[in-house]
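Participant: Each chain is listed here by its residues.
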Amino acid sequence: MTLKTRLIPCLDVKDGRVVKGVNFVDLRDAGDPVEAAAAYAAAGADEICFLDITASHEDRGTLLETVTRTAMEALCPLTVGGGVRSADDVLALLKAGADKIAINSAAVRDPSVLTEGAMAAGSQAVVCAIDAKNVAPGKWEIFTHGGRKPTGIDAVEFAREAERRGAGEILLTSMDRDGVKTGYDLELLRAVTDAVNIPVIASGGAGELQHLSDAVTEGGASAVLAASIFHFGTYTIEEAKRAMQEDGIPVRVTW
Amino acid sequence: MPVVCLIDYGAGNLHSAKRGLERAAPSPDWRVEVSADPETLLAADRLVLPGVGAFASCAAGLRARDGVEQAIHEAVSKQAKPFLGICVGMQLLADRGLEHQITEGLGLIAGTVRALDAKGLRVPHMGWNDVRARKEHPVLPADSDAYFVHSYVFECEDEDAVIATCDYGETFPAAVAKDTVIGAQFHPEKSGAYGLSFLKNFLEWRP
Numbered sequence: 001m002t003l004k005t006r007l008i009p010c011l012d013v014k015d016g017r018v019v020k021g022v023n024f025v026d027l028r029d030a031g032d033p034v035e036a037a038a039a040y041a042a043a044g045a046d047e048i049c050f051l052d053i054t055a056s057h058e059d060r061g062t063l064l065e066t067v068t069r070t071a072m073e074a075l076c077p078l079t080v081g082g083g084v085r086s087a088d089d090v091l092a093l094l095k096a097g098a099d100k101i102a103i104n105s106a107a108v109r110d111p112s113v114l115t116e117g118a119m120a121a122g123s124q125a126v127v128c129a130i131d132a133k134n135v136a137p138g139k140w141e142i143f144t145h146g147g148r149k150p151t152g153i154d155a156v157e158f159a160r161e162a163e164r165r166g167a168g169e170i171l172l173t174s175m176d177r178d179g180v181k182t183g184y185d186l187e188l189l190r191a192v193t194d195a196v197n198i199p200v201i202a203s204g205g206a207g208e209l210q211h212l213s214d215a216v217t218e219g220g221a222s223a224v225l226a227a228s229i230f231h232f233g234t235y236t237i238e239e240a241k242r243a244m245q246e247d248g249i250p251v252r253v254t255w
Numbered sequence: 001m002p003v004v005c006l007i008d009y010g011a012g013n014l015h016s017a018k019r020g021l022e023r024a025a026p027s028p029d030w031r032v033e034v035s036a037d038p039e040t041l042l043a044a045d046r047l048v049l050p051g052v053g054a055f056a057s058c059a060a061g062l063r064a065r066d067g068v069e070q071a072i073h074e075a076v077s078k079q080a081k082p083f084l085g086i087c088v089g090m091q092l093l094a095d096r097g098l099e100h101q102i103t104e105g106l107g108l109i110a111g112t113v114r115a116l117d118a119k120g121l122r123v124p125h126m127g128w129n130d131v132r133a134r135k136e137h138p139v140l141p142a143d144s145d146a147y148f149v150h151s152y153v154f155e156c157e158d159e160d161a162v163i164a165t166c167d168y169g170e171t172f173p174a175a176v177a178k179d180t181v182i183g184a185q186f187h188p189e190k191s192g193a194y195g196l197s198f199l200k201n202f203l204e205w206r207p
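Respectively, the protein sequence lines represent chains A and B. Residues 1 to 255 in full-length UniProt numbering are what the first sequence spells out, letter by letter. Residues 1 to 207 in full-length UniProt numbering are what the second sequence spells out, letter by letter.
The hints are simulated quantities; they were obtained by calculation from the structure and are not laboratory data. Computed from a predicted structure; not experimentally measured. Among these hints, one or two may not hold up.
Covered stretches of chain A, as calculated for chain B (at least 3 residues, CB under 8 Å) [to be verified]:
1) 64 to 77
2) 177 to 184
3) 228 to 237
Here are a few chain B residues that sit away from chain A, every Cβ distance over 10 Å (derived from the structure) [what the hints assert, rightly or not]:
4) TRP30
5) VAL32
6) ALA36
7) ARG65
8) ASP95
9) ASP130
10) GLU189
11) ALA193
Ideal Cβ placement from N, Cα and C applies to all residues, glycine included.
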């Protein structure tokens, strides 16, 4: 009788196709997002995450259509992020079938968008996505634009502000670790999970199953997000959950 | 042709609830209507009240739709229609909610919706957790995990109305039922096979 640690496969979606960027630069095509999401849900994924990296905001229709088709197929919660700028964007994605909306750059520019999103859809639907880089021992700075643009904002402080502003969850990505498979930045994770009382999703760096457990036991994460280790068939969802279970982490048993 | 009406009052999970019901339909002749028209509510065979967000804003949204609250009372009290409330839709069954302010609920199941006492655990209670049946009910599938997202809980005055519980800091009602009314604190439309069975059982329920 306990809340399970969530395992979340993340699909980077561009123009309606799945890609996985290694350090957000070297993109590879890994298939149809709707099929992939349905397969993950059937395999026991606790949640699915889509991050839309389509460059142009004008191509929003493709994403909405992908979200709608996915929501029809996958009977588990769907989080969608990328290019969300306003409460209207939040509502449009919810209407398309998403359950939670991740807001990244727009929240960094003006955190009141988190409040507006929470007022319109409830805090449970608003995820604040934070992309952080280690800039000094024990210091992490928020970067936007796929990790290219420094903001001067302290990631841990910003996580606190996001909670205060109405975010119901934090999706924390280490830009140093993203795509390099050496494990999550546990120090960053611990600093943020200690700073807030809302759930924190660990992201960026999962390369081995041990990394998933470490994010929970050492980093304090409520959920772990991973992409490439699942997309390229290195591990299955079940293998990942069994490994976490062996480490004493409560998981939703789906086998 | 059996018709289930999903009450449309601006709730965020309306669309996923619609898809869940369509997938759970026991046969292809089922129709899921989405409406806030009192006539449509009264003509349907079954009603579903979705809901996410805050109690007060959901109650305000419901009351902003002319005649909907009266139609719900008539459908339940006079027509004895099966009625399902999901998440905040379940909480709205209570007499009152204490989120942000004291707000009157539908008063269909006696109780108060108050803050979850998570005892230091992270809030909202978000994710998959065990639903444990307290008594047999035709709509409840065999115990399993379901997907929860909430910070408030339904404290029932009538213990008998609590048909299933869940633990997170404290033990709270995961599902409540009285006569033709049932409510789920979790999201059946997001709860995989368990949720699908729950919805299918509701559609086939003959209270």
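Participant: All hints, please: hold or fail.
Facilitator: Okay, the hints, checked on the actual structure:
Residues of the stretch 64 to 77 of chain A with a Cβ under 8 Å from some Cβ of chain B number 5, which satisfies the need for three, so the listed coverage holds. Using a Cβ-Cβ cut-off of 8 Å, 0 residues of the stretch 177 to 184 of chain A lie near chain B, which falls short of the minimum of three, so the contact claim is violated. Note: the stretch 228 to 237 of chain A has 0 residues with beta-carbon separation from chain B under 8 Å; the three-residue rule is not met and the coverage is violated. Distance check for TRP30 of chain B against chain A: the nearest CB is about 16 Å away, which clears 10 Å, and the non-interface claim stands.
For VAL32 of chain B, the condition that its CB be more than 10 Å from all CB atoms of chain A holds, with the nearest at approximately 13 Å. The non-interface label for ALA36 of chain B is consistent with chain A: the shortest C-beta to C-beta separation is roughly 16 Å, beyond 10 Å. At roughly 18 Å from the closest C-beta of chain A, the C-beta of ARG65 of chain B stays outside 10 Å, upholding its exclusion from the interface. No Cβ of chain A comes within 10 Å of the Cβ of ASP95 of chain B; the nearest lies about 22 Å off, and the non-interface call holds.
Residue-level check failed: ASP130 of chain B sits 5 Å from the nearest beta carbon of chain A, not beyond 10 Å. The beta carbon of GLU189 of chain B is not kept farther than 10 Å from every beta carbon of chain A, the shortest such distance being approximately 7 Å. Its beta-carbon lying about 8 Å from the closest one in chain A, ALA193 of chain B breaks the requirement of being farther than 10 Å from that chain.
Against the hints set out earlier in the document, violations occur for numbers 2, 3, 9, 10 and 11.
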